[in-house]
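Throw the hints in and build the complete structure from the sequences for me.
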Amino acid sequence: MLAETLDGYLRHRKDSASHIRDLPCGRDASDLQWMAYLASTGDDWLVITGDGRIRKNGAERAAFRQVRLKGIVLASAYQKTPIQQQASFLIWRWPDVDTLLRLAEPPFLFELPMNREAKIRPLPI
Numbered sequence: 001m002l003a004e005t006l007d008g009y010l011r012h013r014k015d016s017a018s019h020i021r022d023l024p025c026g027r028d029a030s031d032l033q034w035m036a037y038l039a040s041t042g043d044d045w046l047v048i049t050g051d052g053r054i055r056k057n058g059a060e061r062a063a064f065r066q067v068r069l070k071g072i073v074l075a076s077a078y079q080k081t082p083i084q085q086q087a088s089f090l091i092w093r094w095p096d097v098d099t100l101l102r103l104a105e106p107p108f109l110f111e112l113p114m115n116r117e118a119k120i121r122p123l124p125i
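Position 23 of the sequence shown, counting from 1, maps to 23 under UniProt numbering, and the rest follow consecutively.
Heads up, some of the hints might be wrong.
Stated by the list, open to error - Here are the simulated lysine to aspartate or glutamate pairs, DMTMM-like style, with alpha carbons at most 25 angstroms apart:
1. K119 to E105
2. K14 to D98
3. K56 to D7
4. K70 to E4
5. K80 to D15
6. K70 to D31
7. K70 to D43
8. K80 to D43
9. K70 to E111
10. K56 to D28
11. K70 to D44
12. K119 to D96
13. K14 to D96
14. K70 to D22
15. K119 to D44
16. K80 to E4
17. K70 to D28
18. K80 to D7
Claimed, not checked - Distance windows between CB atoms, simulated:
19. G26 to V67: 12 to 22 angstroms
20. S30 to E117: 11 to 21 angstroms
21. A62 to S88: 31 to 41 angstroms
22. H12 to R102: 15 to 25 angstroms
23. D28 to R102: 30 to 40 angstroms
24. R21 to G42: 20 to 30 angstroms
Hints listed in this document are in silico derivations from the structure and should not be mistaken for laboratory results. Don't be surprised by glycine CBs; every beta carbon is placed ideally from N, CA and C.
So this is what it looks like as structure tokens:
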């Protein structure tokens, strides 16, 4: 539901959002496989994930850097929040994400906190 809601919001801007299950690599793809797929498309991707482990696995971090991805890790509080509130909050914070996309050079990984006043925090990759 999160990807579909975000997609509906982004369509008016001529952007889109997709869930990994809807990509050719599929939901069962390893992190290395979906990163390779995203790189192979030549498109400009922003990865939004609730899986912060990506920043702790050396091979995945190296692949993330190599393919110059842009990423947002949803803070752990999102996992404890009903999905409709997650979607609402992500859209509410989208202007902050837009600013980040304009200012930060890929590759990058940031954490989006579940607090309206908290700043988006850079994560090491």
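Status of the hints after comparison with the structure:
1. K119 to E105: Since the Cα atoms of K119 and E105 sit roughly 18 angstroms apart, the hinted pair holds (cutoff 25 angstroms).
2. K14 to D98: 14 angstroms, holds
3. K56 to D7: 29 angstroms, violated
4. K70 to E4: 20 angstroms, holds
5. K80 to D15: 28 angstroms, violated
6. K70 to D31: 14 angstroms, holds
7. K70 to D43: OK: K70 and D43 at ~12 angstroms, within 25 angstroms.
8. K80 to D43: 32 angstroms, violated
9. K70 to E111: Answer holds: K70 to E111 is near 12 angstroms, not above 25 angstroms.
10. K56 to D28: Holds: K56 and D28 sit about 20 angstroms apart, inside 25 angstroms.
11. K70 to D44: This hinted pair holds, its Cα atoms lying about 9 angstroms apart.
12. K119 to D96: Holds - the C-alpha atoms of D96 and K119 are around 9 angstroms apart, at most 25 angstroms.
13. K14 to D96: 18 angstroms, holds
14. K70 to D22: 19 angstroms, holds
15. K119 to D44: Within the cut-off at roughly 24 angstroms; holds.
16. K80 to E4: Between K80 and E4 the Cα gap is close to 20 angstroms, so the pair holds against 25 angstroms.
17. K70 to D28: 21 angstroms, holds
18. K80 to D7: 22 angstroms, holds
19. G26 to V67: 12 to 22 angstroms: Once the Cβ atoms are compared, 18 angstroms apart, the range 12 to 22 angstroms for V67 and G26 holds.
20. S30 to E117: 11 to 21 angstroms: Since S30 and E117 have Cβ atoms about 36 angstroms apart, the given range 11 to 21 angstroms is violated.
21. A62 to S88: 31 to 41 angstroms: 35 angstroms, holds
22. H12 to R102: 15 to 25 angstroms: 18 angstroms, holds
23. D28 to R102: 30 to 40 angstroms: For D28 and R102 the Cβ distance comes to about 34 angstroms; the hint holds.
24. R21 to G42: 20 to 30 angstroms: For G42 against R21, whose Cβ atoms are near 22 angstroms apart, the range 20 to 30 angstroms holds.
In terms of the numbered hints stated before, the structure departs from hints 3, 5, 8 and 20, listed from lowest to highest.
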